[in-house]
Amino acid sequence: MMPPESVVAVIRRDVPRPSEYGEYFPQTGFRFETARGPCCPMGLHPKSTFACPMKAEEFAGGVCSQKDVMSFARWWDNVLPSELDAATNLIWGPVK
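Using my numbering, the letters of the sequence shown map in sequence onto residues 41 to 136.
I should point out that these hints are in silico values taken from the structure, not numbers from a laboratory.
Possibly wrong hints are sitting among the right ones.
Said to hold, decoys possible - Simulated restraints, written as ranges between beta carbons of each label pair:
hint : residue 1 : residue 2 : range
1    : Val135    : Glu97     : 12 to 22 Å
2    : Ser122    : Gly102    : 17 to 27 Å
3    : Lys95     : Lys136    : 30 to 40 Å
4    : Gln67     : Lys95     : 26 to 36 Å
5    : Ser122    : Glu97     : 16 to 26 Å
6    : Ala126    : Phe65     : 25 to 35 Å
7    : Lys136    : Thr89     : 15 to 25 Å
8    : Ser122    : Gly101    : 26 to 36 Å
9    : Thr89     : Ser46     : 28 to 38 Å
10   : Tyr64     : Trp132    : 15 to 25 Å
11   : Lys136    : Gln106    : 13 to 23 Å
12   : Lys107    : Ser59     : 14 to 24 Å
13   : Thr68     : Ala126    : 25 to 35 Å
14   : Ser105    : Lys136    : 17 to 27 Å
What the hints assert, rightly or not - Here are the computed lysine to any residue pairs in the SDA-like style, where the Cα-Cα straight-line distance is at most 20 Å:
hint : residue 1 : residue 2
15   : Lys95     : Glu63
16   : Lys95     : Lys136
17   : Lys87     : Lys136
18   : Lys136    : Glu60
19   : Lys136    : Gly77
None of these values were measured; they are calculated from a predicted model.
Note that CB positions come from ideal geometry on N, CA and C, so glycine has one too.
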């Protein structure tokens, strides 16, 4: 399964790649540590109103569809520890 390009494009454009990987939680997947607490990649967006948006209006000011936000959330939450490098590179591109 691939994440929706609309969400990936917004994250890639507006969110710097995290310098460190977050913590893996078996129930919810990887979360990056921030001042607001653990966040998924959508939650790292400066306009996101929740750490792990599940509604279109909670992510980046509502610029993506509800379907795409939910699809990205499901995809990210199912990334396994062995897939984290590939998933992170898929969002932000490979480390240069």
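Structure-based check of all given hints:
no., hint, verdict
1, Val135 x Glu97: 12 to 22 Å, "32 Å, violated"
2, Ser122 x Gly102: 17 to 27 Å, "34 Å, violated"
3, Lys95 x Lys136: 30 to 40 Å, "34 Å, holds"
4, Gln67 x Lys95: 26 to 36 Å, "20 Å, violated"
5, Ser122 x Glu97: 16 to 26 Å, "34 Å, violated"
6, Ala126 x Phe65: 25 to 35 Å, "19 Å, violated"
7, Lys136 x Thr89: 15 to 25 Å, "31 Å, violated"
8, Ser122 x Gly101: 26 to 36 Å, "34 Å, holds"
9, Thr89 x Ser46: 28 to 38 Å, "18 Å, violated"
10, Tyr64 x Trp132: 15 to 25 Å, "18 Å, holds"
11, Lys136 x Gln106: 13 to 23 Å, "34 Å, violated"
12, Lys107 x Ser59: 14 to 24 Å, "31 Å, violated"
13, Thr68 x Ala126: 25 to 35 Å, "19 Å, violated"
14, Ser105 x Lys136: 17 to 27 Å, "31 Å, violated"
15, Lys95 x Glu63, "23 Å, violated"
16, Lys95 x Lys136, "33 Å, violated"
17, Lys87 x Lys136, "27 Å, violated"
18, Lys136 x Glu60, "15 Å, holds"
19, Lys136 x Gly77, "27 Å, violated"
In summary, the numbered hints that this structure violates are 1, 2, 4, 5, 6, 7, 9, 11, 12, 13, 14, 15, 16, 17 and 19.
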